[in-house]
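Quick mapping for you: the protein sequence lines, in order, are chains S and D.
Start counting at 1 in the first sequence, then tack on 8, and there's your number in our numbering.
Start counting at 1 in the second sequence, then tack on 237, and there's your number in our numbering.
Rather than coming from a laboratory, the hints here were simulated on the basis of the structure.
Keep in mind the model is a prediction, meaning the values are calculated, not measured.
Please note: incorrect hints may appear among the correct ones.
[What the hints assert, rightly or not] Footprint (simulated), chain D over chain S, 3 or more residues, beta carbon under 8 angstroms:
1) 84-90
2) 158-168
3) 173-182
[To be verified] Taking beta-carbon pairs under 10 angstroms as the criterion, some of the chain D residues facing chain S (in silico):
4) His-250
5) Val-251
6) Phe-255
7) Lys-261
8) Glu-262
9) Gln-268
10) Leu-270
11) Val-273
12) Cys-274
13) Ala-289
14) Ala-305
15) Val-349
16) Leu-420
Every residue gets a Cβ at the ideal spot worked out from N, C-alpha and C, and that includes glycine.
Below, each chain spelled out in residue letters.
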Amino acid sequence: MDSDITAILVEWKRGDATALDRLTPLVYDELLRMAKLRIGGESRDVTMQPTTLVHEAYLKLIGHNRLPWQNRAHFFAIAATVMRRILIDDARRRNAEKRGGGLKITLNEEMDAPDQKPADVIALDLALQSLASIDERKSRIIEMKYFGGMTAVEISEVMGVSVATVGRELCVGQAWLHRELAGSDAR
Amino acid sequence: MTPPRVTPDEWRHVEEIFLAALEKEGDTRAQYLDEVCRGKPQLRAEVESLLAHARGGTGVLESLVSEAANKLPAPRDKFIDSKIGPYRILRRLDEGGMGVVYLAERSDEHYVQTVAIKLVKSGMDSREIVNRFRAERQILANLTHPNIAAILDGGSTEDGLPYIVMEYIGGQPITEFAGAGQLSVRERIQLFLPVCLAVHYAHQKLVIHRDIKPGNILVTAEGNPKLLDFGIAKLLADDSPIAQGLTITGMRAMTPDYSSPEQIRGESLSTSTDVYSLGVVLFELLTGSHPYSTKGLTPSQLEHLVCAGDRGKPSETAGLPNRLARELRGDLDNIVLMALRTESERRYKSAEQLAEDLTRYLNGQPVIARTDTPFYRAGKFFRRHWTGTAAVLAILATMAVGTIVATREARMAQARADEMQKLIESVVVKTNDDLTNLPQSTEVRAALLKNTIENLDRLAKEPGIPPKLLMQISSAYVQAGIVQGLRVGTANVGHEEEALRSMEKAVQVAEQAAAKGSSDPDLPHVRLTAHLRLAQIQLLLGDLAKAQVNYTAALNLAKAWEAAKPTDPLRRQELATDFAGMADLEIRLGQVHESVANYRAALGVLEPIDAGSPEQIRETAGVCYRNLGVALTDVGPLAAALDAYRSASKIREGLVEQYPSNVRYQRRLEVTYVDIGLVLGSERGMGDPATAAVYMTKAREIAERLAKLDSSNNQAKEDLAGVYENIGQVQSGLNPAAAVDWFLRSVAITRELLEISPVSVDYRVSLGMQEREVAEALGRTNRIPGALSHALASRDGLINLIRSQPPRKDFSGDLMKSYCVLADVQHQARDDAGASLSQQAAMRLFNVVEAGEDDLESDYSLAKCYDVFSRIDAAHSSEWIQKSDERWQRLTAAGVRR
């Protein structure tokens, strides 16, 4: 495993931009494995940040291969996408079955609060997809920030834009998402 | 596919304007928008709605993500096998408050080195902890002593998590070593001396250990004691730059058995703390027992014991052999007790002094330690009169370090205790009042809630709270949880999680009260309420396993409680609610038959019901009847379902009549009318469309009224769309032309709702179903082009939805039905190729539906499909008919009219 990564990194340093994509399955495996090792018996007071996982995955996979921070940024960008996928897959798995078809009125009337279930990460994911259909770049930047824990500088490196641009994209994108989520919330 | 709101060009424009407008405020902004959006009201609306959400901040989004992350499942496992620096992690050795210790190995060509690596625990990299670790590394690098575990290396991982590499000591705790070797008193003292000197050495380097215990004093095979884990070392000299980063209070991750009184009281520490802990270890080393037991003590008892209690002499420990007792009596007693003095200034001034006194003892010279004199014992008298609460107050209101002037402090402490009692009462009572009369503003409400919860949390941590108060706290948590779970205002993201936490605390506190053996008559009710509410939230959040645990607990408590006084209507009500709660859960688990039994059990407890019964009972009964009806609709017989619905509607009509302004009751009545209408008149019904129509009209009247009442209420709109759709379903068999109109009306409303929330899965599913129904009805009236376009829209809508979601059984069922209708319509349009493709697509979904729930809904869907296929697939017509007949057998047996 180590030599695979080292090889990929070497190729990347040599200028093969696509080399990093081959990291993705490795990153996925590692993140998923680490995600599953999380929490469980640990103290419930500790809030786990997904970005912690990302950082740890970095340590595991790249570890002592000292990469310049720019290359690290690219790694995190990949990890962000992977992380998002892991979280969404898991959230869907967890979602309770709703009774579709025929009678649509909620069964459990005792819980008949006037409204319905809260926005969750799935809603966020869908909202991001919607955003991507209008503006791919913003969606990507937001993904990097929230799922990868990347700083504005790192994001600017990966996206090839200025830090100021990253800031503006985030501002607009976040407002858009808020609106989107608030809308689905107030059904 | 829902079209995007704006085109890419328009989007650029919106973005530009948004960003520019954001820079401006108030009038300037309004003016700017006037100019730039002149004549383009939609553009302006778009920008303004974005602006409205611009202050949203990152918190919401972050919390969504971390919420999800925290729900990732995790089997217990160890994080091993990675490399830190040149060391390979082998296994976990220990886990402390903020760090983990791993056994690691470094190997190269020439030798293998085994070390212990201490690393900040992943996920706990808060600034403070990281700083603390860094500081520790620095400190320990300065400590070089033969009896202190050496630091070999240190570093940071790529991401700034510091780690320390230490000499690995494989040895036994000092007490075990002494026991195993059956060392004499002299030998034990000799073993102990280097430990004292090592501690003193560290003190001179301004390091306090703070956690001295046998587990941290390991003796190697050669008989060398080594001190480990200067884990929570603290610097004495405050002006050192490193100390600035450390907090003084902070996490007290220590073992109470060895903690000094000042540690227990949370005061600031000095080297004297270590002397105390050394004293405890010495006590144990000499007698084989602990000076006092702290197991199972409440915090206030613990405090009392350690801070004010008398110390027994080592020689007087129970069960000591006579010879040993004789040896310990006198000087050794005094030495140990001096180290264990509760007042730090009366202990040995240093660990070195303790070592010196021990050496004097070994040499037969007089020792410094003296017996406790009456003068000092008198001083303790005042301390005994502190109540637990007062001592706790001391922690809360940072007490000054140093000598305590007994009398004055004691009086102040008493006054504060009274204050505290008043505070407790006011918070709890106030909570209940406040929460029932909440102000309207969301921010104030949120702040009030937060404040309340914080107060409750603080209260709940207090030691020695009487059960009565605990019960009140539990109820307050439930109140808070209910409010948190309500959806008021907009953007209430994540409140269910908070409600869950509140309910969990409510259960915790209630069980605490129970554990105290209280026989308070209200206790069972408080407990079962907490469990029930917790179960409800867990059910809502989909955590079925935990919900089951709590529903069961609630139900058992309710049974016992009711049995104790069956004439009490409140107890009956509770028991019924718990039966019903259990049934709700069983529905979700798919155990429909069991749920029927439990709803009936609930009703059995509530009946007889008439117009004079209390409102609560009637409401609960209404819900139970209705849910019973739904369950029976699922498994049959339909006649029984109809009965149940009728009973529900009778009760609800009564409630609406009596409380005409209650919207909730009206909505529930509407729902019941729809239920009855469907059971009677839908295609999967009993075949009485005439009566069905009557009920549907009644339902429609209510739904239209409610929708008009509050035009911004999306739930009301959704209900109305549902009613229109249901009316269409009832009309579909006999009057498909009219049905088309109803279906189209429902489609229109659903489309409106999708404008508002394009991302909503429920609306998209509904739209898919409604389009299909339009298509089917149009097909029956032979309006083929329209039927085709709606059938295609239904299919496409569902396919797009499915693509963006994980496979769900009910989606497959809906899509299958869409394909069937499409196939039928294509067949009518003479598009045999298309019909065949659609048929195959539907057949591919059979597996999923057939393997799914064994209920009338599936039977019906499949039967319909088979009927369609028997028409379009002439070659296999008889097979399809046979399959259809099989399904219809079950349906007819349950009362469905073909």
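Hints, verified against the model:
1. 84-90: violated (count 0)
2. 158-168: violated (count 0)
3. 173-182: Coverage by chain D holds for the segment 173-182 of chain S (4 residues, Cβ < 8 angstroms).
4. His-250: Violated: closest Cβ of chain S sits about 12 angstroms from His-250 of chain D, beyond 10 angstroms.
5. Val-251: holds (9 angstroms)
6. Phe-255: holds (6 angstroms)
7. Lys-261: Violated. Min distance 15 angstroms.
8. Glu-262: Constraint on Glu-262 of chain D not satisfied, violated at 16 angstroms.
9. Gln-268: This hint is violated: Gln-268 of chain D lies away from chain S, its Cβ roughly 21 angstroms from the closest one there, beyond 10 angstroms.
10. Leu-270: violated (15 angstroms)
11. Val-273: Result: violated, 16 angstroms to nearest chain S Cβ.
12. Cys-274: violated (17 angstroms)
13. Ala-289: holds (7 angstroms)
14. Ala-305: holds (4 angstroms)
15. Val-349: violated (19 angstroms)
16. Leu-420: violated (38 angstroms)
The structure fails hints 1, 2, 4, 7, 8, 9, 10, 11, 12, 15, 16 (numbered hints given earlier, in ascending order).
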